[in-house]
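**Student:** Sequence:
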Amino acid sequence: MTDMTMTEPAKSTIAPNAPSKSDAAKPATGSKTPAKPNVEMVTLDQLAREMKMPPRDARMLLRLAAKQTRQYPNLGKEHIARQPWQWEPGSKALAEAKKALTTPVES
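Number 37 in our numbering belongs to position 35 of the sequence shown; there are no gaps in the numbering.
Misleading hints may appear alongside valid ones.
[Stated by the list, open to error] Derived Cβ-Cβ restraints for the label pairs, each shown as a range:
hint	residue 1	residue 2	range
1	Gln73	Asp47	21 to 27 Å
2	Gln73	Asn40	28 to 34 Å
3	Asn40	Thr9	53 to 59 Å
4	Thr105	Asp47	19 to 25 Å
5	Arg72	Glu42	27 to 33 Å
6	Gln85	Thr9	53 to 59 Å
7	Glu52	Arg72	21 to 27 Å
8	Thr9	Ile82	54 to 60 Å
9	Pro106	Asn40	34 to 40 Å
Read the hints as simulated data drawn from the structure, not as lab findings. Backbone N, C-alpha and C define an ideal beta-carbon position, used for all residues, glycine too.
Sequences and hints are given; from them, build the entire structure.
**Tutor:** Set out below in structure tokens:
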């Protein structure tokens with residue numbers, strides 16, 4: 003017969019209240035300076051109201067304009083696919099969006 007011995011589970015060497023390695027990598031929550039300051043963005047809805055047009059039409063025109071990289075180089079670069087249209091106030095892309103919504107569409 004084989005002698006079966008019972009073993010106790012290994013005890014953790016980490017103290018119960020000691021921070022784990024993953025906690026050490028996290029930044030302190032008391033930090034008051036964010037990595038990127040919160041900037042109020044100009045949304046498509048705000049821009050469409052300013053241009054006195056429906057947001058759906060504005061979105062369609064912006065999609066067409068974003069494909070014209072020579073005429074509107076910043077508009078396509080700053081927009082992320084499947085994300086809402088929004089711009090930082092005073093940005094070049096916002097100026098190009100306004101220009102795209104005011105110029106007549108060529109057929």
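**Student:** Would you mind marking each hint as holding or not holding in the structure?
**Tutor:** Against the structure, the hints:
1. Gln73 to Asp47: 21 to 27 Å: holds (24 Å)
2. Gln73 to Asn40: 28 to 34 Å: The hinted range 28 to 34 Å holds for Gln73 and Asn40, with Cβ atoms some 32 Å apart.
3. Asn40 to Thr9: 53 to 59 Å: holds (55 Å)
4. Thr105 to Asp47: 19 to 25 Å: holds (21 Å)
5. Arg72 to Glu42: 27 to 33 Å: holds (31 Å)
6. Gln85 to Thr9: 53 to 59 Å: The hinted range 53 to 59 Å holds for Gln85 and Thr9, with Cβ atoms some 55 Å apart.
7. Glu52 to Arg72: 21 to 27 Å: Once the Cβ atoms are compared, 26 Å apart, the range 21 to 27 Å for Arg72 and Glu52 holds.
8. Thr9 to Ile82: 54 to 60 Å: holds (55 Å)
9. Pro106 to Asn40: 34 to 40 Å: Holds, at about 37 Å.
In this structure, every one of the numbered hints holds.
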